[in-house]
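Participant: Sequence:
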Amino acid sequence: MKKIETESKLTFWEAASIIVGHGVGSGVLAVPYLASRNSISSFILIIVVAYLVNLILHFMIAELSLNNGGGQFITIFENELFKGKIGKYLSWGAFLIMGFSVLVNVAGFISGGGAAIHSALGLPLWASQIIYYVLASLVVFFGLKAVGIFEKISVFSMVAVITVLFVAVMKGEKESYSFSFIAPSNVMALYSMVAFALSAVMSVPQVVKGLEGDEKKIRGSIALGTGVNIFLVVIIAFMTLISCGTSISQDGALVDLSRTLGGWVGAIGYIFSLLALSTSFWANTLNLRDIIGEKTGWSRRISWAAASIPCLIISVLGLQGFVGFTRIAGVVQVITGLGVIVAYHFSRKREGKSPICGLFGTLPFQIIVVLGSLLSTVGSLLKVV
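Residues in the sequence shown are numbered from 423 upward in steps of one, following this note's numbering.
Careful: at least some of the hints might be erroneous.
[Stated by the list, open to error] As a list, the in silico DSBU-like pairs of lysine-lysine whose alpha-carbon atoms are at most 35 angstroms apart:
1) 775 x 638
2) 510 x 771
3) 717 x 638
4) 507 x 771
5) 805 x 507
6) 805 x 431
7) 639 x 775
8) 505 x 596
9) 717 x 771
10) 510 x 431
11) 567 x 431
12) 771 x 638
If you're looking for bench data, these hints aren't it; they were derived computationally from the structure.
Construct the complete structure from the given sequences, taking the supplied hints into account.
Facilitator: As C-alpha cells, then:
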C-alpha cells in the first residue's frame with residue numbers, strides 16, 4: 423500500500439459530510455413518487471438492498487483507492503487495468519469521457535443554483551448563474567479542507583430543514599394512502615433512483631486522502647454518510663406520502679409538500695435545493711480538479727480553473743440543454759462502476775489483504791455489486807406505470 427499524501431486533513435464528520443453532500447440531490451426528492459407506485463414491502467426491501475449494495479461498492483472503491491495511494495479513478499485504472507501501449511490511449515479516452523460527464527453534471531448544478539437565485543432575486547438568469555458559480559467555486563478554490571467544512575455545515579443545515587418540515591407534516595392533516603405492487607418495472611425504477619440518491623463513488627478517494635488512509639475512519643465515515651443519505655430518502659418519502667397521499671405527483675417532494683402545507687414550504691425548498699446543489703457542486707468540482715491534476719500534472723489552482731470554468735460556459739450558453747448528455751453521464755458512471763469492480767478484483771489479489779472490505783470484498787460480493795449496478799442501469803431506462 424502506497425503512502426497517502428493529502429493537501430489537508432479532514433475530520434471524521436467532514437469526511438462523512440462529503441459523502442452525504444455528493445449523494446444528496448434531485449434523486450432524494452424523486453423517490454416519493456416512485457415509492458407511491460410500489461408496495462410498502464417493496465419500498466422497505468429496496469431501501470435495505472440498495473443501502474447494503476452501495477455501501478459495499480463504496481468500501482471496495484475506498485480499498486482500491488487506498489491500494490493506489492489515495493488516487494482518483496484515472497490513476498487507479500492506469501495502475502490496475504490500462505497496461506502497455508494501448509493503455510495510454512485507453513487512459514486518455516477514459517479521462518476525456520469521465521471528465522466530460524462530470525462537466526455536464528456540474529453545469530447542471532450551476533443552472534439549478536442560478537435558477538434559484540433568479541427566482542428569489544429577479545436578476546437575469548445569466549447573472550444569477552455567474553453569481554452562483556463565483557460563490558460556490560470559491561469554496562473549491564480553497565481546497566479539500568474548505569470543501570469538508572462547508573459540506574459539514576450544509577449537511578447539518580439540510581437535516582435542520584427536513585426536521586422543520588417533519589414537524590409541520592406531523593402537526594398537519596394526514597392523508598390515507600394504500601399503495602400496492604403494480605409492475606416489476608416500477609420496482610426496478612425505484613431501486614435505480616434510490617441507488618442514484620446514495621451514490622457518492624467519485625468522492626470516496628477524497629475521503630481516503632483526507633483521512634490519511636485511516637481504515638477505521640474511512641469505513642465509518644462512508645457508512646455514516648451513506649446512512650444519512652438513506653435516512654433522508656426514507657424521511658422525505660414518509661413525509662410526502664402521509665402528507666400528500668394519492669395526490670403525490672412527479673414534480674418532486676418539495677413541490678408536493680408546498681401544495682399541501684402552504685407556500686412557506688417553497689421558501690424552505692429554495693434553501694434545501696441550494697444546499698443540495700451546492701454540496702454536489704463542491705464534491706464534483708473537487709473530484710474533477712484532482713482527476714485533471716493527477717492526469718496532467720497541473721497545479722491545483724490551474725486544475726481548479728480547468729474543472730470549473732468550462733462548466734460555467736456550458737451553463738450560461740445553455741448548452742446543457744444539449745444534455746441528453748445527462749443520460750450519457752449516467753451510462754459513463756455505470757461503465758466506470760463496472761471498471762472499478764474489475765480493478766478491485768485485480769488489486770485485491772495483488773495486495774493479498776483486504777483492510778476495509780474483508781469478507782465483503784470477496785468474489786460473490788463483487789458479483790452482487792455488478793448485478794446491482796446493471797439492475798440500476800436497466801431501472802433508469804424503464805417507464806414507470
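Participant: Within 35 angstroms, alpha carbon to alpha carbon, are residue 805 and residue 431?
Facilitator: violated (44 angstroms)
Participant: Mind checking the alpha carbons of residue 510 and residue 431 for me, to see if they're no more than 35 angstroms apart?
Facilitator: With a Cα-Cα distance of about 32 angstroms, the restraint between residue 510 and residue 431 holds, given a limit of 35 angstroms.
Participant: Are the Cα positions of residue 510 and residue 771 separated by 35 angstroms at most?
Facilitator: holds (23 angstroms)
Participant: If you draw a straight line from the CA of residue 775 to the CA of residue 638, is it 35 angstroms or shorter?
Facilitator: holds (15 angstroms)
Participant: Going straight from one Cα to the other, do residue 771 and residue 638 come out at no more than 35 angstroms?
Facilitator: Satisfied, since the Cα-Cα distance of roughly 21 angstroms is no more than 35 angstroms.
Participant: Compare the distance between the alpha carbons of residue 717 and residue 638 with 35 angstroms, and conclude whether the hinted pair is satisfied.
Facilitator: holds (29 angstroms)
Participant: Are the Cα atoms of residue 805 and residue 507 separated by 35 angstroms or less?
Facilitator: violated (43 angstroms)
Participant: Verify the proposed pairing of residue 639 with residue 775, using a straight-line Cα cut of 35 angstroms.
Facilitator: Roughly 18 angstroms separates the two Cα atoms, so the pair holds.
Participant: Run the distance test for residue 717 versus residue 771: straight-line Cα separation, threshold 35 angstroms.
Facilitator: Holds, at roughly 26 angstroms.
Participant: Is it true that the CA of residue 507 sits at most 35 angstroms from the CA of residue 771?
Facilitator: holds (24 angstroms)
Participant: Given the hint that residue 505 pairs with residue 596, does the C-alpha gap stay at or below 35 angstroms?
Facilitator: violated (60 angstroms)
Participant: Are the Cα positions of residue 567 and residue 431 separated by 35 angstroms at most?
Facilitator: holds (7 angstroms)
Figure legend: structure checked against the earlier numbered hints; hints not met, in rising order: 5, 6, 8.
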